[in-house]
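> Residue numbers (the numbering used here), protein chains in the order written: chain A, 16 to 165; chain B, -18 to 117.
If you're looking for bench data, these hints aren't it; they were derived computationally from the structure.
Ideal Cβ positions, reconstructed from N, Cα and C, are used throughout, including at glycine.
Check the hints yourself; a few may be wrong.
Partner residues aside, some chain B positions facing chain A, computed with beta carbon under 8 Å [as the list claims (entries may be wrong)]:
| hint | residue |
| --- | --- |
| 1 | -16 |
| 2 | 39 |
| 3 | 73 |
| 4 | 74 |
Derived lysine-lysine pairs resembling BS3-like cross-links, with alpha carbons at most 27 Å apart [unchecked claim]:
| hint | chain 1 | residue 1 | chain 2 | residue 2 |
| --- | --- | --- | --- | --- |
| 5 | B | 89 | B | 52 |
| 6 | A | 35 | A | 54 |
| 7 | B | 89 | B | 79 |
| 8 | A | 50 | B | -16 |
| 9 | B | 24 | B | 79 |
| 10 | B | -16 | B | 52 |
| 11 | A | 54 | B | -16 |
| 12 | B | 95 | B | 24 |
| 13 | B | -16 | A | 139 |
| 14 | A | 139 | A | 54 |
| 15 | B | -16 | A | 42 |
| 16 | B | 24 | B | 52 |
Each chain is listed here by its residues.
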Amino acid sequence: MKPKRTQTKTRLKMTLSLSKDTIQVLKEQDVVFLKNRVKETAVKIKMGLVNQTRLLTAASELVRNMMRYADGGVCIIEVVSSGRNNGIRLTFSDRGPGIPDIAAAMRDGFSTGKSLGLGLPGTKRLVNEFDIKSKVGEGTVITILKWANG
Amino acid sequence: MDKIPILRMGAFLLVTIQVDLYDRLALNLEADLVQMVNKTNAKGVLIDISAVSIVDSFMGRIIGNIASMSKILDAETVVVGMQPAVAITLIELGLPLKGVHTALDMEKGMNLLKSMINETEEDADEDQTENDFIAE
């Protein structure tokens, strides 16, 4: 009986993807559409209002970066599940110029544009998981995950 | 192009944002509002954001800009009706909206504006302009 139990435990810890939705973001109208879709998905998995606001604000920051620096890109909305907890994973990928110094970009107050430089570090504070991969000349992929509770 | 209406009430300008702001709309509002402050000689600006569910760093910056621009045109800005979830998100994001006066609702915001403007006038009489910032 014992080994069986450990097996279930490890399986529970795995993050499963339950649904996947790909949205192209090229124009300002697409941004509105994307935000609405994220909101709908958050409501569907019964995410709390404060977490919804955090996730939507994070999405808003990232999609703005994508529009400003890379002329748009693609966002994948996934509903994920790990054990009893459901969450939303958003993957923003673009074919923009890339970020030469990710460590600097993750610092509060750093910006190559004329913004406040809160976008990336602020977004990281709003979500549960944050991952950034970027290659100069190829593009940037940012993945964030927010659990419905927590 | 959508536009957010700016209403004039005595020496004040009232703005109620009923839709979720997108970037261009916010930039237009900033420009319109500063023009209106100049044109109407307004002493105070009241912005109601009770229907706004997301304020990200860009929107936060616009709100801050409106407050500072109005300030140098001699008008005070009060933001009212912020949703609790928005307040939580703004602080976690790292945007404390310094220099922007806030009040819980329209009525309290109106009182705050009135008291600030009275105070400024009294201060001007007594030549104590440093006290401007010590509004409640």
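> For each hint, tell me whether it holds in the structure or not.
To see whether the hints hold, each was checked on the structure:
1. -16: Because about 16 Å separates residue -16/B from the closest Cβ in chain A, which is outside the 8 Å limit, the hint is violated.
2. 39: With a closest approach of 6 Å, the residue 39/B hint holds.
3. 73: holds, 5 Å
4. 74: With a closest approach of 4 Å, the residue 74/B hint holds.
5. 89/B with 52/B: Answer holds: residue 89/B to residue 52/B is near 20 Å, not above 27 Å.
6. 35/A with 54/A: Holds, at about 15 Å.
7. 89/B with 79/B: The given pair, whose Cα atoms are some 19 Å apart, holds under the 27 Å limit.
8. 50/A with -16/B: holds, 20 Å
9. 24/B with 79/B: holds, 20 Å
10. -16/B with 52/B: holds, 23 Å
11. 54/A with -16/B: It holds: about 24 Å lies between the C-alpha atoms, which stays within 27 Å.
12. 95/B with 24/B: holds, 9 Å
13. -16/B with 139/A: Cα-Cα ~33 Å, so violated.
14. 139/A with 54/A: holds, 19 Å
15. -16/B with 42/A: holds, 19 Å
16. 24/B with 52/B: The hint holds at about 9 Å.
Checked against the numbered hints above, the structure breaks hints 1, 13 and satisfies the rest.
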